Every structure is written in C-alpha cells, then in structure tokens.
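Participant: Sequence:
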Amino acid sequence: MTREAIYAAIPHRPPMLLVDEIVRQDDDTIVCRKTFNADEYFFQGHYPDFPLVPGVILCEATMQCGAILLSKFAAEGKGVPVATRLSDVKFKKMIRPGDTIEIEVKLTERMADAFFMQGKATCDGKVAVRFDFACTLAPAPGA
Numbered sequence: 022m023t024r025e026a027i028y029a030a031i032p033h034r035p036p037m038l039l040v041d042e043i044v045r046q047d048d049d050t051i052v053c054r055k056t057f058n059a060d061e062y063f064f065q066g067h068y069p070d071f072p073l074v075p076g077v078i079l080c081e082a083t084m085q086c087g088a089i090l091l092s093k094f095a096a097e098g099k100g101v102p103v104a105t106r107l108s109d110v111k112f113k114k115m116i117r118p119g120d121t122i123e124i125e126v127k128l129t130e131r132m133a134d135a136f137f138m139q140g141k142a143t144c145d146g147k148v149a150v151r152f153d154f155a156c157t158l159a160p161a162p163g164a
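Going from the sequence shown to the numbering used here is simple: count from 1 and add 21.
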C-alpha cells in the first residue's frame, strides 16, 4: 500500500505516523512494517546514550495498523478509530535505531462500534511486543 493510501486510511501524519508500508491485508488481519530511523524524534531523549524505541511507540504503531484495518468501517461515515483499552501488554525485545518491525493485527470480535483486536510486533522473527486492545469509532470532526 502506498503512503497516499495509508494517508487516506488513517488521520495520522509525521512525526506520529508509525506505519511505512502495508505488507498484506484481508477482512480481519493486517500486516505492516515500520523501520525506525536514527533521526526519530523520540531517540533524542529515550535514551541519548542508548537509544530505544519507547514501548508506548511500539503499541501506537500496532494500533495504527489496527486503525488501517478498521478504516473500511470509518469509510462508511461512522468516524475515526480511537483506542479504548490495552490489556495484557508484554514487551519482549528492545527495538533500536535501524530496526524494522513487522506488525500483525487481527480483528477478533466486533460489537456494534467496538472492535477487539490482538496485536504483535516482531523484529528479526522475535516478538518485541504483544497485547490485546480495543477501539471504537469516534465521530469524525465536523460530523
């Protein structure tokens, strides 16, 4: 999926856009990639002498992939996806400048405008983060 298609699917923009490409997608699963460059804004302070991608950024990248998966529902005029819950978050591997993560998100259940998903980000075949999360569709601005 091109950058323009990602822009059309979700409202995130640099420096908070954390998806570089969509590898594949079907009705209930999406796989994305993100490469963390050495000049990412958060490396300036996390940590200057040992830069690490903050865990919250790994979670946000995963949820953005979920938002792309849900964009078909938002396109129906129902709003923009916003996170409502994260649970059972497990960080397993540090991600450093130059690392590429592959993110897989599965839609496990839908109840009206509540969407329940499982997310996992891996690097070099090893799990970096894994968690369950939920989103709802908030009214779009001007709707």
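Be a bit skeptical, because a hint or two may be false.
Claimed, not checked - No farther apart than 25 Å at their CA atoms in a straight line, the calculated lysine to aspartate or glutamate pairs in the DMTMM-like style are these:
#1 Lys147 x Glu123
#2 Lys93 x Glu125
#3 Lys141 x Glu42
#4 Lys114 x Asp134
#5 Lys127 x Glu81
#6 Lys141 x Asp109
#7 Lys93 x Glu61
#8 Lys141 x Glu61
#9 Lys127 x Asp145
#10 Lys127 x Asp70
#11 Lys111 x Asp145
#12 Lys127 x Glu25
#13 Lys113 x Glu25
#14 Lys114 x Asp145
#15 Lys114 x Glu61
#16 Lys93 x Glu81
#17 Lys93 x Glu25
#18 Lys93 x Asp145
What the hints assert, rightly or not - The calculated label-pair distances, taken between Cβ atoms and stated as ranges, are:
#19 Ala26 x Thr56: 10 to 20 Å
#20 Ala133 x Asn58: 17 to 27 Å
#21 Asp70 x Pro162: 38 to 48 Å
The hints are simulated quantities; they were obtained by calculation from the structure and are not laboratory data.
Please read these numbers as outputs of a predicted model, since none were measured by experiment.
Quick reminder that beta carbons are idealized off the backbone N, C-alpha and C, glycines included.
Participant: Indicate, hint by hint, whether the structure satisfies it.
Facilitator: Evaluated hints:
no., hint, in the structure
1, Lys147 x Glu123, "holds, 10 Å"
2, Lys93 x Glu125, "holds, 17 Å"
3, Lys141 x Glu42, "holds, 16 Å"
4, Lys114 x Asp134, "violated, 33 Å"
5, Lys127 x Glu81, "holds, 15 Å"
6, Lys141 x Asp109, "holds, 12 Å"
7, Lys93 x Glu61, "violated, 30 Å"
8, Lys141 x Glu61, "holds, 21 Å"
9, Lys127 x Asp145, "holds, 20 Å"
10, Lys127 x Asp70, "violated, 36 Å"
11, Lys111 x Asp145, "holds, 17 Å"
12, Lys127 x Glu25, "holds, 23 Å"
13, Lys113 x Glu25, "violated, 32 Å"
14, Lys114 x Asp145, "holds, 10 Å"
15, Lys114 x Glu61, "holds, 19 Å"
16, Lys93 x Glu81, "holds, 19 Å"
17, Lys93 x Glu25, "holds, 16 Å"
18, Lys93 x Asp145, "violated, 30 Å"
19, Ala26 x Thr56: 10 to 20 Å, "holds, 18 Å"
20, Ala133 x Asn58: 17 to 27 Å, "violated, 39 Å"
21, Asp70 x Pro162: 38 to 48 Å, "holds, 41 Å"
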